[in-house]
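S.K.: Given next are the chains, with one letter for each unit.
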Amino acid sequence: MNAGSTAQTIRNRLRHCDLPCGIYDPEQARIEAESCYKTIEKYNSSSDEHFRARAILVKEERAELAKHHIDVLWSDYFKPEHVQKHPEITELAGTPRSRPRR
Amino acid sequence: MKQSLDLNEARTLIEMIDKIADVWTKAGGPQATRMPRRSAPEPSAAASRRDRRKEHGAGPAPGRLDRRRRARPPPAVGEIVLARDPRARERFVIKRVAAVSERACTLLGDHPEESTDSRQFGPVALADVVGRAVFRYAPRGASAASRAVGKMATWGRPVHALRCRA
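Protein chains in written order, with the numbering used here: chain A, 1 to 102; chain B, 103 to 268.
Wrong hints could be hidden among the right ones.
Claimed, not checked - No more than 27 Å apart at the CA atoms, straight line, and that leaves these computed lysine-lysine pairs for DSS-like: (1) LYS79/A - LYS121/B; (2) LYS121/B - LYS38/A; (3) LYS128/B - LYS79/A; (4) LYS85/A - LYS128/B; (5) LYS85/A - LYS121/B; (6) LYS42/A - LYS128/B.
Unchecked claim - Taking CB as the label site, the calculated pair distances span: (7) THR114/B - ARG54/A: 19 to 27 Å; (8) HIS50/A - ASN110/B: 23 to 31 Å; (9) LEU57/A - ARG221/B: 16 to 24 Å; (10) ALA190/B - ILE56/A: 36 to 44 Å; (11) ALA53/A - THR114/B: 21 to 29 Å; (12) GLU81/A - MET137/B: 19 to 27 Å; (13) LYS128/B - ARG54/A: 35 to 43 Å; (14) ALA53/A - ASP124/B: 43 to 51 Å; (15) VAL236/B - PHE51/A: 44 to 52 Å; (16) SER47/A - PHE223/B: 17 to 25 Å.
What the hints assert, rightly or not - Derived contacts from chain A toward chain B, CB cut-off under 8 Å, selection only: (17) LEU57; (18) VAL72; (19) PHE78.
Treat the hints as calculated values from the structure; they're not laboratory data. The structure displayed is predicted, hence computed values, not measured ones. Think of the CB as a built atom: it goes at the ideal place given N, C-alpha and C, for glycine as much as any other residue.
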């Protein structure tokens, strides 16, 4: 999903707590992704241009969150031993998506 | 000119997250750090409250004034109370309690010839009595009047301003 301009706004967003609290669940990302899916459905079935504008906005926002949650799993939950045992995770979660460029 | 967005990308994202979830489960999943989910609430308490609201249709949402309904002692005869108007529940009336039965009370205004009260709208359920007057601003003096029990102490001298505590 295209990060577009929302990447700018997400730059200052606080990340999942880095205490770390130890609570990591892909469900968090899934819900945001489902939200994207439904929003796109609604976008496609609507002809109200204002609604469509809002749908785009929500879709982008939820997509950023989905990416963010995946990133948190990758950077905080999965440890080197996991990567060793399940190398496919690098492909799945390891590609940086919304990581702001410094 | 209506364009459609492609759902496939979103579908791919969901599938990808599911694959991540598989690995996550294999890697130990929640690692027993998550608190156990509270078991589903008994249908009696929370659900039935929702059902009751549904049955009663588009009544006002239970607000701050309704929350402590159960714990309050019933109003005493002679007290001035704040109650939901049975004719329009989103409206409140301030009346003096003339009689209290087990589930309802009769509310009468202090100005019999002007007041619209239980003579018109009938008894008011105790559950709809949401507050009682605790302080009277005016008329000044005769401060016992608002506390007077069993008699219409301010007949002919309407109470203008009351602070009700819900």
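S.K.: Hint by hint, which ones does the structure fall short of?
M.R.: 6, 9, 14, 16, 17 and 18
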